[in-house]
Amino acid sequence: MSEKEILTRLKKIVEPYVQSLEGLQNFKEETDFLNDLQINSANLVDVILDVEDEFNIEIDNDSMEGMLTVGDAKAIIQRKLPQG
Amino acid sequence: MQELLEQLPYSRPFLFVDEILQVSDNNIEGIYTFSPDLFFYKGHFKENPVTPGVIITECMAQIGLVCLGIYLSNKQSSLRSEAKIAMTSTDIEFLKPVFPGEKVRVCSEKQYFRFNKLKCKVEMYNCENIIVAKGTIAGMIIKDNSRI
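Chains as they are written, first to last, in UniProt numbering: chain A, 1 to 84; chain B, 1 to 148.
In short, the hints are calculated from the structure, not lab data. Incorrect hints may have been included.
Claimed, not checked - Taking lysine to any residue pairs in the SDA-like style, the calculated list, with each CA pair at most 25 Å apart, reads: (1) B:Lys110 x B:Thr88; (2) B:Lys110 x A:Glu58; (3) B:Lys143 x B:Glu102; (4) B:Lys110 x A:Lys11; (5) B:Lys119 x A:Glu54; (6) B:Lys110 x A:Asn56; (7) B:Lys84 x B:Leu8; (8) B:Lys110 x A:Ser41; (9) B:Lys119 x A:Leu34; (10) B:Lys119 x B:Gln7; (11) A:Lys11 x B:Tyr112; (12) B:Lys119 x A:Glu29.
Stated by the list, open to error - Here are the in silico distance ranges between beta carbons for each label pair: (13) B:Phe39 x A:Glu5: 55 to 61 Å; (14) A:Lys4 x B:Gln2: 54 to 60 Å; (15) A:Met1 x B:Val54: 42 to 48 Å; (16) A:Gln83 x B:Gln76: 32 to 38 Å.
Said to hold, decoys possible - One-sided and incomplete, this derived list gives chain A residues near chain B with beta-carbon spacing under 10 Å: (17) Asn40; (18) Ser41; (19) Asn43; (20) Leu44; (21) Asp46; (22) Ile48; (23) Ile57; (24) Ile59.
Just so you know, even glycine gets a beta-carbon here, dropped at the ideal spot from N, CA and C.
Okay, chain A solo, but in the shape it has when bound:
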């Protein structure tokens, strides 16, 4: 899966939880879920559960704690996705 496709799918997943439209319009790897998109930690859990379903992967507690930005999420997804 290309990086671009991962980011496109990720953006679609976070959209319903975003409180800052400005943050969504500037959606990029540096975008911080809590500060730029104003997603609270309860909704961030739902984002992660949706990521698991969308990409058919499992995210553990350690990965979750390191998932602060869109780029972090992308890297975790890339690492968990089957290669090839």
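Starting from the known structure of chain A, arrange chain B on it as the hints suggest.
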């Protein structure tokens, strides 16, 4: 199960749990009787007391989310004794009115408990076993006074 009630952070007039009937990793069941003396009946409504939807929701949350959350936290050493639960979302339908003096039963089923977020499907029944409210309630178990 008595221990769960002792761990609850509420007191009168905002405690809406009398007894937990049953609890497991996946569900919980508890009862509460709305005493006609409760403070809100005087104003909701004038001359026509009916239990407010927010109080129904609170009762469902105290039994279905908080008691279950405490039970699940007690099983995790990292969360034990620090369990504070902040309600983060509710989506409840109110199907029938609940009048002063009614005894209700709340049944809650865990949808998921992950990354310290507990989400439950919760139903409330009256003494005739008719469903009076149903929906979903979620909360975060927090370790200290950190932000939600």
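Cross-check of the supplied hints:
1. B:Lys110 x B:Thr88: 15 Å, holds
2. B:Lys110 x A:Glu58: The hint holds at about 19 Å.
3. B:Lys143 x B:Glu102: Violated. Lys143 (chain B) to Glu102 (chain B) sits at ~36 Å, over the 25 Å cutoff.
4. B:Lys110 x A:Lys11: 28 Å, violated
5. B:Lys119 x A:Glu54: Measuring from Cα to Cα gives roughly 20 Å; hence the hint holds.
6. B:Lys110 x A:Asn56: Holds - the C-alpha atoms of Asn56 (chain A) and Lys110 (chain B) are around 22 Å apart, at most 25 Å.
7. B:Lys84 x B:Leu8: 9 Å, holds
8. B:Lys110 x A:Ser41: 19 Å, holds
9. B:Lys119 x A:Leu34: Holds - the C-alpha atoms of Leu34 (chain A) and Lys119 (chain B) are around 21 Å apart, at most 25 Å.
10. B:Lys119 x B:Gln7: 20 Å, holds
11. A:Lys11 x B:Tyr112: 24 Å, holds
12. B:Lys119 x A:Glu29: Violated, because 29 Å separates the two Cα atoms, which is more than 25 Å.
13. B:Phe39 x A:Glu5: 55 to 61 Å: Holds - the Cβ-Cβ distance for Phe39 (chain B) and Glu5 (chain A), about 56 Å, lies within 55 to 61 Å.
14. A:Lys4 x B:Gln2: 54 to 60 Å: 57 Å, holds
15. A:Met1 x B:Val54: 42 to 48 Å: 45 Å, holds
16. A:Gln83 x B:Gln76: 32 to 38 Å: 34 Å Cβ-Cβ, so the 32 to 38 Å window holds.
17. Asn40: Given a least distance of 6 Å, the restraint on Asn40 (chain A) holds.
18. Ser41: Because about 6 Å separates Ser41 (chain A) from the closest Cβ in chain B, which is inside the 10 Å limit, the hint holds.
19. Asn43: 8 Å, holds
20. Leu44: 8 Å, holds
21. Asp46: 8 Å, holds
22. Ile48: Check passed: Cβ of Ile48 (chain A) comes within 7 Å of chain B, closer than 10 Å.
23. Ile57: 14 Å, violated
24. Ile59: 9 Å, holds
Hints 3, 4, 12, 23 from the list above are not met by this structure, while the remaining hints are.
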